[in-house]
Amino acid sequence: MMKILLDGAVLMAYLACALFFLRFYLQSKDRLFALFSLAFTLMGVHNLLGALLAPTLDAERIHYLYVVRLMAYLLILGAIWDKNRAGRGAR
Amino acid sequence: MAEAVYILCALTSLACAVLLLRAWRRTRMKLLLYSGLCFTVFTLNNVLLFLDLVLIPAGDLSLERTVTSLVGAGVLLFGLIWDVS
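Chains A and B, in that order, give the protein sequences. Under numbering that gives the first Met the number 0, the first residue of the first sequence is numbered 0, with each subsequent residue one higher. Under numbering that gives the first Met the number 0, the first residue of the second sequence is numbered 0, with each subsequent residue one higher.
FYI, nobody ran anything at the bench for these hints, they're computed from the structure.
With a straight-line cut-off of 30 Å between C-alpha atoms, the simulated DSSO-like cross-links for lysine-lysine are: (1) K82(A) / K29(B); (2) K28(A) / K82(A); (3) K29(B) / K28(A).
Sample of chain B residues at the chain A side, in silico, Cβ under 8 Å: (4) V4; (5) A14; (6) S68.
Each residue gets a CB set at the ideal place from its N, CA and C atoms; glycine is no exception.
Pulled out of the complex, with its shape left as it was, chain A reads as follows (with noise of 0.2 Å):
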């Protein structure tokens, strides 16, 4: 019970954190807070995806799920190598 609270909490706080880099991303229309936003939101759908279909899953298929976590990570690290690109262009 407390898992599944705390599970809905992660959800709701990822998503918060997406719609606060969307907001950022329209003010500045830098790409950098897209790519965190858009990070937070598979976040997000993995821990969706984790809570409703993990229990069904098997120990051999479970990683699966956290394929979409590790898009996420390289989402993050793409966006923070495209923003030094970037910086470098400019100097």
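Since the structure of chain A is provided, determine the placement of chain B on it from the hints.
Chain B only, in chain A's frame:
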């Protein structure tokens, strides 16, 4: 395959944390500090994931993993509301 996904999750979140905190040291932008701290806690979460599902499959660290996810996202959310907006 499963081990590779969990290890990659831990390594990529660690790389995100290091890059964000290094950028924070350079620019002193608060948003980078909170994002870096968030990914530091996510790295701990991914280490717990590896421990839970690969090293100690008989144990159950799912509550600890959920709590670390909440702390990580909570730190960033706190920063976004309190310091950055």
